[in-house]
Amino acid sequence: MNRALGLVEELGWRAVALLLAAFMGVPLILVVLFSFNQSALTSLPLTGFTLDWYRKLFSLGAFWPALWNSLIVASLVAILSVVIGTMAALLLARMAPRRAEALIAIVSVPMMLPALIIGVAMMSYFVRLIDLPLGLPTVILGHLVIAQPFVILIVFSRLATFDWAIVDSARDLGASPLRAFLTVTLPIISPTIIGAALIALSISLDDFVITFFTIGAGNTLPTLVWGMVRTSLDPTINAIATLLILLSVGSTFLALRVSRYRG
Amino acid sequence: MLRRPAWDRQDWLLLPAALIFVGAFVAPLLYFLVISFWSVRARIMRPDLTLKNYIATWSDYYDAMASTLLIALAIGALTTILALGFSYAIRFKCGRLEMPLLFLALVTLFGGYLVKIYAWKSILGREGILNKFLLWTGIIDEPLDALLYSVNGVVITLTYFLLPFAILPIYGTMRAIRPATIESARDLGAGRWAVLRDIVIPQCEKGIVIAFTFAFLIAAGDYVTPRFVGGGAAMMGHFIELQFSLGFNWPMGSAMAFTVMGVSLTLVLILRRLLRWSLQP
Numbered sequence: 029m030n031r032a033l034g035l036v037e038e039l040g041w042r043a044v045a046l047l048l049a050a051f052m053g054v055p056l057i058l059v060v061l062f063s064f065n066q067s068a069l070t071s072l073p074l075t076g077f078t079l080d081w082y083r084k085l086f087s088l089g090a091f092w093p094a095l096w097n098s099l100i101v102a103s104l105v106a107i108l109s110v111v112i113g114t115m116a117a118l119l120l121a122r123m124a125p126r127r128a129e130a131l132i133a134i135v136s137v138p139m140m141l142p143a144l145i146i147g148v149a150m151m152s153y154f155v156r157l158i159d160l161p162l163g164l165p166t167v168i169l170g171h172l173v174i175a176q177p178f179v180i181l182i183v184f185s186r187l188a189t190f191d192w193a194i195v196d197s198a199r200d201l202g203a204s205p206l207r208a209f210l211t212v213t214l215p216i217i218s219p220t221i222i223g224a225a226l227i228a229l230s231i232s233l234d235d236f237v238i239t240f241f242t243i244g245a246g247n248t249l250p251t252l253v254w255g256m257v258r259t260s261l262d263p264t265i266n267a268i269a270t271l272l273i274l275l276s277v278g279s280t281f282l283a284l285r286v287s288r289y290r291g
Numbered sequence: 009m010l011r012r013p014a015w016d017r018q019d020w021l022l023l024p025a026a027l028i029f030v031g032a033f034v035a036p037l038l039y040f041l042v043i044s045f046w047s048v049r050a051r052i053m054r055p056d057l058t059l060k061n062y063i064a065t066w067s068d069y070y071d072a073m074a075s076t077l078l079i080a081l082a083i084g085a086l087t088t089i090l091a092l093g094f095s096y097a098i099r100f101k102c103g104r105l106e107m108p109l110l111f112l113a114l115v116t117l118f119g120g121y122l123v124k125i126y127a128w129k130s131i132l133g134r135e136g137i138l139n140k141f142l143l144w145t146g147i148i149d150e151p152l153d154a155l156l157y158s159v160n161g162v163v164i165t166l167t168y169f170l171l172p173f174a175i176l177p178i179y180g181t182m183r184a185i186r187p188a189t190i191e192s193a194r195d196l197g198a199g200r201w202a203v204l205r206d207i208v209i210p211q212c213e214k215g216i217v218i219a220f221t222f223a224f225l226i227a228a229g230d231y232v233t234p235r236f237v238g239g240g241a242a243m244m245g246h247f248i249e250l251q252f253s254l255g256f257n258w259p260m261g262s263a264m265a266f267t268v269m270g271v272s273l274t275l276v277l278i279l280r281r282l283l284r285w286s287l288q289p
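One line per chain: the protein sequences are P and X, in this order. Heads up, the first sequence is in our numbering, so the first residue is 29 and it goes up one at a time. Heads up, the second sequence is in our numbering, so the first residue is 9 and it goes up one at a time.
There may be inaccurate statements among the hints.
Chain X side only, calculated, beta carbon under 7 Å to chain P, not exhaustive [to be verified]:
#, residue
1, 29
2, 39
3, 193
4, 226
Sample of chain P residues with no beta-carbon within 12 Å of chain X, all distances over it, derived [said to hold, decoys possible]:
#, residue
5, 82
6, 84
7, 86
8, 89
9, 95
Treat the hints as calculated values from the structure; they're not laboratory data. No residue lacks a Cβ here, since even glycine has one placed at the ideal position from N, Cα and C.
My request is simple: use the sequences and hints to build the entire structure.
As structure tokens, then:
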């Protein structure tokens, strides 16, 4: 009796896990499916395979500049935030843990704030106070604010199990701090750093709200999607959404793989 | 701990991160706080020192504020409970599926904020997949209209969006609990509820607090979701955004934003106290 009850409980928990996994996965899969579906209605049943929505998307004048902007911004954000974040994490990892944790909590505040507030605060500051023209540079600054805490957290937690003795040996043998970093520390933590860069890349690719307020004129992929969703419900949106999923889920996927994420 | 020798002190390493943080986050936020005390005359913002924006926030938007907080509370609680259930299930009950399932959850972390909202818009509609599915199974006879353009739509969509972010910290703290600990507690006669209350929740307290705070604050300040799938669901984010896109009343928008964040943070702190207090043995 007790045994049977235990089995039911075990199966129940598995069902919870699988249902929630389906809840998380299925909507994205549907978007991808519908981008290849002939019918102009985003609903079941599927009516047949087509690439028309992609053809339509690629012939859209606004698509290519938006893609280009997204790629420029995201790659610069990835590179800059990884350099800046790794530098910070290297110092934090060797501080007293309490102090390091307090500092990390402070730089992580932007993660907890709604993007709307960060976005409008930045826009009013750039436009009215320091008179910085809005454009891709201001978008990059905005993305750095939200991406750098992720990079710092990821690299910092990797360094928590790092054996500093080998760096010290290198230093004792006469290596400069930079040389010791490049030849000892960097090769060991490079998977984590690549992972962090890819996470920063997908954060930037994915961001809509901060971009919307700081870009001025022009589009990135998400702001283009915003315009399209507001004006129509045509499956071209599914096609561009599929591309966005491919880019951001793809880089998150790679990030988890290369950094061998284990919780 | 050994103190590091002087030649290894490299405080400058923190400098670029600090510059970005202060220059592109703290300074804008402070300026934004300052303009919440300014006034607007003839659509032009003028330096001032007035509380009238804050007073107007309370008198004009108290109902939107209340519904925002309620919706955000529901979303925060639902997201945290689902993340706790998911983390518990994959950590202790799924054996070798633990890593693949975690992987799946985290891969969707940055899978397109707008894409996700758009996906739910097409799923929840009258002609959407969910209604078709429910009709097909015979659970309902008439398509449900209350899914989209309602509070339900906002809660479903935002919970969906926030869930992976909530799983991350909760699963992270749950990893520290070894399955053997739970088994021995059960062997010693602890019931399910006792295991949850005395082992799982206290161990994951930090993760739970982070997950709830994150979900609650982000939900309280969102405006894209209510606009797309919320219909009449009046949330503060929507009204804040209008001050910038249509109203050109930045001081008002700023006062509204700081009011929402202030009230939300206060609520989070109170709830945190309550959790601490309820966990005391």
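Now for the hints, and whether the structure bears them out:
{"no.": "1", "hint": "29", "in the structure": "5 Å, holds"}
{"no.": "2", "hint": "39", "in the structure": "5 Å, holds"}
{"no.": "3", "hint": "193", "in the structure": "15 Å, violated"}
{"no.": "4", "hint": "226", "in the structure": "6 Å, holds"}
{"no.": "5", "hint": "82", "in the structure": "16 Å, holds"}
{"no.": "6", "hint": "84", "in the structure": "17 Å, holds"}
{"no.": "7", "hint": "86", "in the structure": "18 Å, holds"}
{"no.": "8", "hint": "89", "in the structure": "20 Å, holds"}
{"no.": "9", "hint": "95", "in the structure": "14 Å, holds"}
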